[in-house]
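Peer 1: For reference, the chains in residue letters:
Protein chains: 2
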Amino acid sequence: MTVAVEFIVNQLKQVLLEEQVSTNETVRQLHGKDESHHALSLPDIVVFPRSTADVSAILKIAHVERVPVVPFGVGSSLEGNAIPIAHGISIDFSEMNAILEIRPDDLLVKVQPGVTRSQLNKELKKHGLQFTVDPGADATLGGMAATNASGTTAVRYGVMRDQVRDLEVVLSDGSVIHTGNLAAKSSSGYHLNGLFVGSEGTLGCFTELTLQVYGIPEFVTAGRAIFGTVADAVSAVTALLQAGIAIGRVELVDEDSIQQANIYNETAFAEKPTLFLEFHGNEAGMQEDIAFTEAIFEDFNCLSVEFEQDNAARNKLWEARHSLAYAYIHAYPGKKLMSTDVCVPISKLAETISYAREQLDIAELAGGIVGHVGDGNFHALLMLNPNDPQEQAKADHFNEQIVQYALLRGGTCTGEHGVGIGKMKYQSTEHGAALAAMKSIKTALDPYNIMNPGKIFT
Amino acid sequence: MTVAVEFIVNQLKQVLLEEQVSTNETVRQLHGKDESHHALSLPDIVVFPRSTADVSAILKIAHVERVPVVPFGVGSSLEGNAIPIAHGISIDFSEMNAILEIRPDDLLVKVQPGVTRSQLNKELKKHGLQFTVDPGADATLGGMAATNASGTTAVRYGVMRDQVRDLEVVLSDGSVIHTGNLAAKSSSGYHLNGLFVGSEGTLGCFTELTLQVYGIPEFVTAGRAIFGTVADAVSAVTALLQAGIAIGRVELVDEDSIQQANIYNETAFAEKPTLFLEFHGNEAGMQEDIAFTEAIFEDFNCLSVEFEQDNAARNKLWEARHSLAYAYIHAYPGKKLMSTDVCVPISKLAETISYAREQLDIAELAGGIVGHVGDGNFHALLMLNPNDPQEQAKADHFNEQIVQYALLRGGTCTGEHGVGIGKMKYQSTEHGAALAAMKSIKTALDPYNIMNPGKIFT
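Chains Y and U supply the protein sequences, listed in that same order.
Residue numbers for the first sequence follow the numbering used here, so the first one is 1 and each next one is one higher.
Residue numbers for the second sequence follow the numbering used here, so the first one is 1 and each next one is one higher.
Please keep in mind that the hints were generated in silico from the structure rather than gathered at the bench.
Since no wrong hints were added, every one of them can be taken at face value.
The following label-pair restraints were derived from C-beta to C-beta distances:
#1 Y:A243 to U:E266: 38 to 44 Å
#2 Y:E101 to U:T229: 25 to 31 Å
#3 U:V64 to Y:Y448: 30 to 36 Å
#4 U:A433 to Y:Y326: 39 to 45 Å
#5 Y:P104 to U:T229: 19 to 25 Å
#6 Y:N311 to U:E351: 35 to 41 Å
We put the beta carbon where it would ideally sit given N, CA and C, even for glycine.
Whenever a hint applies, use it, and build me the whole structure from the sequences.
Peer 2: This is how it looks when you write it as structure tokens:
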């Protein structure tokens, strides 16, 4: 421990308990990475706050001493978002994991940032309620708000930003603000909720979140639709959305990915481009939507559609979809996952996915394509040897090709994973002159650049 | 015309045509007020830009010369939002009223800010599409984005902010930025879309808007449900929302307001607290939703429910709802309309409306209550004699009581009209320490405070 680090540790121990401050090598290792291929970088110190007051006290010290601070949930981010590249303090929110209030009448819940998605849903189920945002990983809600996470259900219920009514945020100087209120809508003052969601820890630390929840739908039906080509599958979804069918989920899984899923889950799904679907609603309306969907799919050469209302079969289906990243990781021991994340206007999705598949084949990279196709968002999942710089360079080039292709069509370099480290180089092309406006907001709220420095902006 | 004004006019005429710059008294009068009770305040100059380049040129001059600038749509705002209280330049967007692009495949439209809601919907109808935000007035889309307008359909489709994919904005120094992209979701950089929507011209001028549109639903049914008390009507709506019924619109109109509507529209609606309803969807699902709604309403002592699928009857019903403000204005010649606009968590709506009705009666103010009750938002519509300071003081006191009542229950002082002049005094109570964060963003983006100065913040 250097003298400088010891100086900060001593100050932190004035405001926190001994056990809340760690410089242990193993603990620091755990906070130096996420689930991505991005390089390890250790924090000097890891702290475990138990209250908003703790977080405020930590930031006051960091502010005065100009020490970098990075909030940390469970480390499930995919672009190095939580990696402390400038070292300093990693704030681990695992001890702030209380569900503070459930208001069934208002369809609202108030939680601490360390609560995970599955923890919340387990509790909500007792009230017939659900939290809808589902990025696959069992991320913390604080982390999901920080990256504006979404996933399979965004096509129906919206993304993380759409669920946030209020955040309690500790700013870089330790002051505490609320970004919203409990009403369903407001035109009062600037929309800080929206600004802080997706700011990836660069503007402040979330210490409480008030989130919208939904009743568990009366009827849910899941199904699989198999197509001859990815292009047909995507075009079918586009037609479905244009017809205004209120689909609950619609996920594309390509041939390669179905293969991996079959191996990993010991399933026997047909190894063809497949849409995993879910419908929610009242029984009569849902049946009509399903019939209409089947008719539309027929127009796009759908080979077969199968629905299952049975809970176990439905869970197995979504298990297969959700475990895909792990299936790839399992199939390529020693390799690390890299995922692209562009999102394009829905009319450009089919051509963008075709382009991605072509470039993947040309580059001879192993991987598959899966996507939240109802939103125009897809991922190419690549498995890379971290010790092979040539493979890494090929993957970087591929990622860049996809991003440029998407940006030229009015899309974005990241639909849901956030900028982190991996998408910084595209910010200027994507945002142009707006990037200067973003930076001026960052400077206004964090003048000493201590909040997750080196992320989003250079 | 003072020398100072002449100096600016001469500069403006260097970059605009003669006919685009006016100091005519009548023109200035038209730009010195909106539809509210707030006092007239004239701009020194009114300009009529025809392009983004025009707006940029105007702002470059204003920036150098430190001249206040206020964007102006059709002046339908209700809190003095577009009144140039610091004088300077009113930028009238009526000549930037082109629908630039309709992308039916992407359910997107790109418009200039001076396009009105009805103009857009007329054009969209040819494609089977609709723009859903419906604040009653035929406002411009630029104005609706500036105040984050909503109205009768927000309960189903969301508010103005939810529809905005991208804005072209001219900042205070004349630079031009884009706040978003065309993809359905993004986690790239800060959410400038959300920040600029609702900023009421204090951060920049919108010159293009890319907005989400929807297919016109297959089936629409409208209806009226009559209740014995306002409390029963509101509780019935709360139960409906908790049950997850996807209602298209649900509006409360109280006894006094039904009376005014009957007089103004020559209708004969029962003069009882009434819910105006609309359901959208596929036929089977809608029938099931309607049956379920009737069952719920019975539990809340509903006196009668009548549905009409006939287009003419449906239009008549919504005409009655939308013309309510005008009905009041017509009934009280010489008086000016003042509307409260709080929004509260839905569980607190019944008691907040009861409280408002009581205080209205105690204050002996003429007026009625109408509300977008699905959102927890309602308006007390008051008719005031502008020459009676005592009546004005009573109304101000009443407004303050309602706002404080709402804020104590987690609500907001304005659900959809914006802050303008009228809600500035509540900003500190509502936002607390967050107000300083908002001000720092304002200063970062508009360092000389030329953009609609004296609004939102003191």
